[in-house]
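Chains A, B, C and D, in that order, are what the protein sequence lines are. Each residue of the first sequence is one higher than the last, beginning at 222 in the working numbering. Each residue of the second sequence is one higher than the last, beginning at 222 in the working numbering. Each residue of the third sequence is one higher than the last, beginning at 222 in the working numbering. Each residue of the fourth sequence is one higher than the last, beginning at 222 in the working numbering.
Misleading hints may appear alongside valid ones.
[As the list claims (entries may be wrong)] Looking from chain C toward chain B, a few residues come up when the C-beta cut is under 7 Å (computed):
#1 234
#2 264
#3 275
#4 279
#5 282
#6 385
#7 387
#8 444
#9 490
#10 491
#11 492
#12 496
These aren't lab readings, by the way, just hints derived from the structure by calculation. For clarity, every value in this text was computed on a predicted model and none was experimentally measured. All residues carry an ideal CB built from backbone N, CA and C; glycine is no exception.
There are 4 protein chains.
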Amino acid sequence: MAIHLGANQYGKAESRVVRIYRDTPRHQIRDLNVSSALRGRFEDAHITGDQSAVLPTDTQKNTAFAFAKEKGIDSIEEFALTLADHFLEASAAADGARVEIEEYNWERISVDGAGHDHSFVRSGAGIRTTVVNVDGRGDDRKAHVVSGIRALTVLKSTGSEFHGFLKDKYTTLKETDDRILATSLVARWRYDHTDVDWDKSYDEIKSLLLEKFATIHSLALQQTLYGMGEAVLERHPEVAEIKFSAPNKHHFLVDLSPFEVENPGEVFIAADRPYGLIEASVVRDDATDAGSAWHAVPGFC
Amino acid sequence: MAIHLGANQYGKAESRVVRIYRDTPRHQIRDLNVSSALRGRFEDAHITGDQSAVLPTDTQKNTAFAFAKEKGIDSIEEFALTLADHFLEASAAADGARVEIEEYNWERISVDGAGHDHSFVRSGAGIRTTVVNVDGRGDDRKAHVVSGIRALTVLKSTGSEFHGFLKDKYTTLKETDDRILATSLVARWRYDHTDVDWDKSYDEIKSLLLEKFATIHSLALQQTLYGMGEAVLERHPEVAEIKFSAPNKHHFLVDLSPFEVENPGEVFIAADRPYGLIEASVVRDDATDAGSAWHAVPGFC
Amino acid sequence: MAIHLGANQYGKAESRVVRIYRDTPRHQIRDLNVSSALRGRFEDAHITGDQSAVLPTDTQKNTAFAFAKEKGIDSIEEFALTLADHFLEASAAADGARVEIEEYNWERISVDGAGHDHSFVRSGAGIRTTVVNVDGRGDDRKAHVVSGIRALTVLKSTGSEFHGFLKDKYTTLKETDDRILATSLVARWRYDHTDVDWDKSYDEIKSLLLEKFATIHSLALQQTLYGMGEAVLERHPEVAEIKFSAPNKHHFLVDLSPFEVENPGEVFIAADRPYGLIEASVVRDDATDAGSAWHAVPGFC
Amino acid sequence: MAIHLGANQYGKAESRVVRIYRDTPRHQIRDLNVSSALRGRFEDAHITGDQSAVLPTDTQKNTAFAFAKEKGIDSIEEFALTLADHFLEASAAADGARVEIEEYNWERISVDGAGHDHSFVRSGAGIRTTVVNVDGRGDDRKAHVVSGIRALTVLKSTGSEFHGFLKDKYTTLKETDDRILATSLVARWRYDHTDVDWDKSYDEIKSLLLEKFATIHSLALQQTLYGMGEAVLERHPEVAEIKFSAPNKHHFLVDLSPFEVENPGEVFIAADRPYGLIEASVVRDDATDAGSAWHAVPGFC
């Protein structure tokens, strides 16, 4: 019987890199969770145990911290691209590098109505993410950036219907023209290229996603997501496609009739499990080829 | 050998009560996690299994949902007091009732610069809490309210020292006059009475805690907490005492010297475990007796 | 207005101390999570920021690791007592020390039917715990040990009833003489003294708790817990009292009648929230005074 | 600009189906977490909001519970295949169905040395998993089964080296010929066909993975994983390939030299983050085509 090593990658996950910019008294903070991985021709490491081609995961971690000072962090996308290219230079056996970064949001603490110079509070909605995959070096280099947001929890208390669905023997769900719609959204969008103002693009897409969630009259979570994705593609030519993973966080109307209390859409129980899970993508017809852009991006079909 | 039933309580934990106010097109949302418990003369339930004195936990849950409509939710403190008194009326064997409520914060989604009428995003810093303990009924009734905030994650990137501490054989920590100070604060304050504008008091105390964290030059997390508590007691006569539980979320300066990179307080690693844990309370000298106010309040000495 | 520092303690939480005994080829492993805290006369640290009486939490951590080698780990109770006494010696301002330890269970991996010498798998039910509180030194020393188990998840598929309970306007629960009973048990028992064979006592009490859960015909979770506690006190004179915190992990019978399928106690949905929460203690009539034994023990009334 | 709906799927996640077999006094329990999803021609649901082709996620949930009684649960693989085929019959618009099931392990509580008839304790190492993907119906039907185990936490206290690795400017890691090797393993193996004794295959593969982890002298986690996978493929012709995702749960030797204490591989700190993350697959040369077998399988490259 003959067997072989299949797909593989290795790296250091979840280095919590915190960078303070303190060149002036008004400090700035970038608070990151950095994961890197290399893939390629690492058969010896797996089969014979020879590690001579393996740049240790510990070195990958060291590099992330050192680069936070040496290169700085303009945006998580730029930082991830810089790390990925460096790892490919440092590791001859690697064919590709993957760098995933999450960024946590800090706001300045308000003191007498103004933001404090060096005191911050974790706040805001959602966690910013990026996954960068770079294949090859030099002329063969292909860089892919998939950015996004997760843990963006939104709810609308009306303006959501669900009816006209397929029914079979096991269907008991009642149709409704007014329900709560809520989700903890994960959205990830693939950039068409890397000539992007990353922070600006992120801020605008986040705002647009929220605005569309609010204003689309929903006939189903699927239709809401599609409308959100459509708007992003229409206004952001730099985005080739967008994917959503959206748990339908059910809020069930509570039956208060046993207590002779009416409940016209006012009291709900927020349920944990099970939950609907809607995954969908919206794609530009003339999108560039995705290549390895979605390599090892978690949670998506 | 003789044994007996000792302290006991029972109830329904974590009912996720969501109340929508939709009397006008501009909806309002109160999103709660309600836990209730009764304590008292329940020997039969434990020893012989006779449940005739036991109001089921399922009934406690039903009541929380029904009251969300029948009584409404002006503030979590008011709602908890109403529930506690009701349970003591409904359960003759109970000597005391405890109701704990957490409230999650939703902000209106911004559309064209204005908050949307019925679409919301989970946001803001910290989770509001209250624990109400009521003993007895009628003339013997004593009601205690301990409100607070948890998961209030704050950080200052300078203005924090730690030195001059006790040293022994096992001490290797270096003294510092400039470090990152960060914590995920839990604060709980006991109200002196129940004649309080609950929402206003909460909002002001939260702002004050943040402001003091920002402006106190810290010689230790202990001293920062004391200053925060002192300010609350000074400005809020309705508060009898305040307790803090504050993990010292260590941010260690990364040694970049092996790479010949200087690191003057700019690159840190955020560590998970172990962490320092500082617990302290600040008390008004003439505070009323706490009674059962701190009964089963988690996480405090 | 006059205020003062109230109850306080500080220390290092969750040092993950792993001790390998490798004196022979057949290794042994003790895998601990150690938290320590000191309480006492620390006003200066809080009020003026003077840290001269404060043994750093970092030093407490160092000591836990050093003692794992210097003193060894015979049992978590013995190790916690040793650490607590040491910290009181090292810190003149401390009046009391609290050491909490959790221990994770590893079993030897089975190879050809025998346990391997140095390879282990995390297994077994429940996590062993202890909380030690020591007040004072020398002749005034009082040592308290509260040991226990948490995350002991048990279920019986019959032999559990619940009926005859109090009903009011908000009661809709149906009575039942056959239901699933399940809980994720936390049990903590206070030892009467410290002259105990700790590992043996723990093993026997754990087995007894399981056996009694299995064999008691349950009329309510309260009654099951009381019977379990009673058995422990009857057979373990070294135990003064025992406390339980037991979420009633509801398994609701699923209504399959819409599909014309009968369901005589065979298909259940395991629910997350809300859940009943039963807390109770069983106490020996002639138990010694608890003193500070339950100081800062989480999750109990 | 033209856009279109891309990959999509929808379903109900995490239905906690508990099935008790009580035909004899010796009950049996199957405790499952069932997630199902459909994919296919659902453009209308997304683009126009027309739900007429959409079998509600609520119906999918109902079916899982009803089938637990109607069809029974012989193994999670069989149950998942049955559900997937049913959903494809019930939903004309679906081209494929995915059913993921986790199963939690319960052992009988020991009473007087024998396992109790109807009382159980959650125990054992690891959680059994399966992901079934079925494409098409009738003659076009293709069924794929990927089974596995997760949360299998293993450790060896010696017999693990790591040296001879690639070094660059950012490398500070010291080489070692004796370290702790620990991981919380996720393994998933793709079956070549569906004519399998599922429970037997799972039990044997689990035992084999543990045995190989124990007995392989490790030169790197990569090499250990390859050896484990190789053994599975050699002894299990029904397995086409196996994939691993293995966090390297670092146990760092603690430097006790400041306290003049030697530490020859005896005291370690178990670290949380960052951690190495090794992902690898071992594939039979003549493996059948994977088709959609790995569709939406989480956590693998």
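Hint check results:
| no. | hint | in the structure |
| --- | --- | --- |
| 1 | 234 | 4 Å, holds |
| 2 | 264 | 9 Å, violated |
| 3 | 275 | 5 Å, holds |
| 4 | 279 | 4 Å, holds |
| 5 | 282 | 5 Å, holds |
| 6 | 385 | 5 Å, holds |
| 7 | 387 | 5 Å, holds |
| 8 | 444 | 4 Å, holds |
| 9 | 490 | 15 Å, violated |
| 10 | 491 | 15 Å, violated |
| 11 | 492 | 11 Å, violated |
| 12 | 496 | 6 Å, holds |
The earlier numbered hints that this structure contradicts are 2, 9, 10, 11.
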